[in-house]
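Visitor: Based on the provided sequences and hints, a complete structural model is requested.
Listed here are the chains, written in short residue letters.
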Amino acid sequence: MNVNVVIIGHVDHGKSTLIGRLLYDSDSIAEGRVDEIQKLAEEYKRRFEFAYFIDAFDDELKEERTIDTTGVMFKGKNLYTVTDVPGHKEFIKNMLTGASRADVAVLVVAADEGIQEQTRRHAFLIRMLGLKKLFVVVNKMDVVGYREEVLNEVMSRVSSLLASFDYQNVPFIPGSALEGDNIYRKSGRMPWYRGPTLIEALDSVELPERRERVLRFVVQDNYLVDGQRVVVGRVVSGMLHRGEELVFYPSGVRGKVEQIKVFGGELETAEEGDSIGLVIACQAVRGDVCGPSESPPVVTTGFLGEAVLLEGRLRADDILELRCGTRRVTCRIKEFREKIDSETGEVVKRCPDYISEHEAATVVFETEPLAVEKFAEIPELGRFILIRDNRNIGAGIVLETMA
Amino acid sequence: MELKDLENRSIYIIREAFAEFKKPAVLWSTGKDSTTTLWLCRKAFFGRIPFPVIHIDTGYKFKQMYEFRDNLAREWGLELVVARNEEAINAGVGPHEGKFECCTVLKTQALMKCLEQHRFDALILAIRRDEHGIRAKERYFSPRDRDFKWDYKNQPLEMWDQYQTYAGDEAHTRVHPILHWRELDVWEYVKQEGLPVNPMYFAKDGRRYRSLGCEPCTSPIDSSAGTIDEIVEELKVTKIAERSGRAQDKERAFTMQKLRALGYM
Numbered sequence: 001m002n003v004n005v006v007i008i009g010h011v012d013h014g015k016s017t018l019i020g021r022l023l024y025d026s027d028s029i030a031e032g033r034v035d036e037i038q039k040l041a042e043e044y045k046r047r048f049e050f051a052y053f054i055d056a057f058d059d060e061l062k063e064e065r066t067i068d069t070t071g072v073m074f075k076g077k078n079l080y081t082v083t084d085v086p087g088h089k090e091f092i093k094n095m096l097t098g099a100s101r102a103d104v105a106v107l108v109v110a111a112d113e114g115i116q117e118q119t120r121r122h123a124f125l126i127r128m129l130g131l132k133k134l135f136v137v138v139n140k141m142d143v144v145g146y147r148e149e150v151l152n153e154v155m156s157r158v159s160s161l162l163a164s165f166d167y168q169n170v171p172f173i174p175g176s177a178l179e180g181d182n183i184y185r186k187s188g189r190m191p192w193y194r195g196p197t198l199i200e201a202l203d204s205v206e207l208p209e210r211r212e213r214v215l216r217f218v219v220q221d222n223y224l225v226d227g228q229r230v231v232v233g234r235v236v237s238g239m240l241h242r243g244e245e246l247v248f249y250p251s252g253v254r255g256k257v258e259q260i261k262v263f264g265g266e267l268e269t270a271e272e273g274d275s276i277g278l279v280i281a282c283q284a285v286r287g288d289v290c291g292p293s294e295s296p297p298v299v300t301t302g303f304l305g306e307a308v309l310l311e312g313r314l315r316a317d318d319i320l321e322l323r324c325g326t327r328r329v330t331c332r333i334k335e336f337r338e339k340i341d342s343e344t345g346e347v348v349k350r351c352p353d354y355i356s357e358h359e360a361a362t363v364v365f366e367t368e369p370l371a372v373e374k375f376a377e378i379p380e381l382g383r384f385i386l387i388r389d390n391r392n393i394g395a396g397i398v399l400e401t402m403a
Numbered sequence: 001m002e003l004k005d006l007e008n009r010s011i012y013i014i015r016e017a018f019a020e021f022k023k024p025a026v027l028w029s030t031g032k033d034s035t036t037t038l039w040l041c042r043k044a045f046f047g048r049i050p051f052p053v054i055h056i057d058t059g060y061k062f063k064q065m066y067e068f069r070d071n072l073a074r075e076w077g078l079e080l081v082v083a084r085n086e087e088a089i090n091a092g093v094g095p096h097e098g099k100f101e102c103c104t105v106l107k108t109q110a111l112m113k114c115l116e117q118h119r120f121d122a123l124i125l126a127i128r129r130d131e132h133g134i135r136a137k138e139r140y141f142s143p144r145d146r147d148f149k150w151d152y153k154n155q156p157l158e159m160w161d162q163y164q165t166y167a168g169d170e171a172h173t174r175v176h177p178i179l180h181w182r183e184l185d186v187w188e189y190v191k192q193e194g195l196p197v198n199p200m201y202f203a204k205d206g207r208r209y210r211s212l213g214c215e216p217c218t219s220p221i222d223s224s225a226g227t228i229d230e231i232v233e234e235l236k237v238t239k240i241a242e243r244s245g246r247a248q249d250k251e252r253a254f255t256m257q258k259l260r261a262l263g264y265m
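Chains G and L supply the protein sequences, listed in that same order.
Counting from 1, one number per residue, gives the positions in the first sequence under my numbering.
Counting from 1, one number per residue, gives the positions in the second sequence under my numbering.
Just so you know, these hints were derived from the structure itself, not from any lab.
Ideal Cβ positions, reconstructed from N, Cα and C, are used throughout, including at glycine.
Just so you know, not all the hints are guaranteed correct.
Lysine-lysine pairs mimicking BS3-like chemistry, simulated, CA-CA at most 25 Å apart [as the list claims (entries may be wrong)]: (1) G:K75 <-> L:K258; (2) G:K374 <-> G:K133; (3) L:K4 <-> G:K77; (4) L:K153 <-> G:K62; (5) L:K4 <-> L:K43; (6) G:K62 <-> L:K23; (7) L:K239 <-> L:K113; (8) G:K62 <-> G:K132; (9) G:K75 <-> L:K4; (10) L:K191 <-> G:K75; (11) G:K256 <-> L:K43; (12) G:K39 <-> L:K204; (13) G:K89 <-> G:K39; (14) L:K236 <-> G:K77; (15) G:K75 <-> G:K133; (16) L:K258 <-> G:K39; (17) G:K75 <-> L:K23; (18) L:K4 <-> G:K89; (19) L:K239 <-> G:K77; (20) G:K186 <-> G:K75; (21) L:K149 <-> G:K62; (22) L:K43 <-> L:K22; (23) G:K334 <-> G:K349; (24) G:K132 <-> G:K77; (25) L:K236 <-> L:K61; (26) L:K204 <-> L:K191; (27) G:K133 <-> G:K77.
Looking from chain G toward chain L, a few residues come up when the C-beta cut is under 7 Å (computed) [claimed, not checked]: (28) I67; (29) N78; (30) K89; (31) K93; (32) V144; (33) L310.
Listed next, with one range per pair, are the computed distances between beta-carbon atoms [as the list claims (entries may be wrong)]: (34) L:K113 <-> G:E63: 31 to 41 Å; (35) L:K4 <-> G:G145: 47 to 57 Å; (36) G:V299 <-> L:Y66: 52 to 62 Å; (37) G:T330 <-> L:D222: 55 to 65 Å; (38) L:D229 <-> G:R157: 20 to 30 Å; (39) L:F202 <-> G:P191: 49 to 59 Å; (40) G:M239 <-> L:K204: 44 to 54 Å.
Guide: As structure tokens, this is what we get:
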């Protein structure tokens, strides 16, 4: 099984070190790389750090902090893609880039510092991304003498923080990435702890079975192949069958699937994730979403969303662009309902006139016709990004659609 | 990921690039990764790649790479554009003057001239995260400014399958459809699809090339893997880095970052 894991938490709580440790102890480091890092450390007059396996930019080494997200792969019981994200507030957009790919999050909290600003903000943001599986590593147990009281203290505070973001019964693992305790190898230094190591916890992760969902197919383009028009795109949910009657929105065209085309052949059915071509007697265009005629996608010109802004300022009445699926539309901020502190998740202001960088809000958007779904129902079509001056400046999810 | 999932995502990305940019092109070194990428492009467009295929020719490539290139270009009906920095080649630029300078002049600058001439606004490239620490930091869609600079400290937000698709009027975007593939995945896919590969990848007299580049700066590794199956088996146990035979990566620490910051592939 393939599992995407993102390691989150405050700066200097040991995220990169933890990944370096996982790679090192699982014997996933290429030959010679340890010597290279050793030499680098000498050059920079530092001690050897496991984080150097991950932090590849020279600026990251000089400044001893992670700037951008990294994806590394290693094999345990599952094949893991582990994503490191920066723990600084200024790099939140890089954190979101990394976290948006994950199935599982590991929140790293240093035993000696406990909850810090980015501990809270990262927890808030992964909840918004809809990440359900979460583990906490209470790191740097070596610094606090491997004492059980310290774990209990941190655990009680972090648990109540997580409960406020709807994470219940989250497993806590006391460890030390630096010393290798309970990350890949079981530690003998905390006999009072009987739970799993981090890798055991990850190896036992079960990803939710794909539930049966209604068909949604997103149109990317139209090609002319040997004189035949082919509508290309991806099945984002459900199954698509040859012979089925489909309806496309917002263009409103409909037709029967004559062929499901892939290079060199044809399919009878296509499933979630498949990139395919359809031969169908209608003019579907990029940005359309289709579904079966008995449960078609719903077109909306307004919805309530929750969004986080990553650069600049956004005011009520601002016009910008929004992209959902392959459709890019102009939208207007009709109103901000509530401004949310992305650190605490608390509502800080009702009906504000604007929000600033790194702030979140519940927002009513007015848009050109757009097929969206509630994030809770079909997440693939319930999430969007905000674009201004051709830059991706924010992201959000759809809470409620409005007719 | 299953090969099918890897392939589906790559095809989606290639089609996004084609829909969003006016004049894309794909880079082809003739190696296994970029040949796989060409194949994925063929799959995305049902056989015929609707944009040019650029081969950067430093003049120092192995003879077998040129043969392989010309044969496959014919067989797959590729619109091949060969990018050569003739001026520098005639002036005798080579690795003896320093690998960093050589790569920059014969590869990066050759590509720059090619882009200037053809006005490509997107380049599809076959880099993978697991090849090198610096490539692990890449986005699927990555803007480069008019001087080819990679502003790696300020990369765009790229969530879910939403990419930033505009780099600026005089700039271009690098598109990386196989960023999420591993070396092992590429070989398993080559086998599954029956893709042609350069025979230099297979062991001869106890050595084979694991990564192909220019003749003076690429060395083979010790290996007895003479078939794709044997390569797959070798990769499952090896601890040698894929690019261990590529001299430009190792000249100094961060050479790769510096090369890439200047627009190297």
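Visitor: Hint numbers the structure violates, sorted upward?
Guide: Going through the list in order, the structure violates hints 1, 6, 7, 8, 12, 13, 17, 18, 25, 29, 30, 32, 38 and respects the others.
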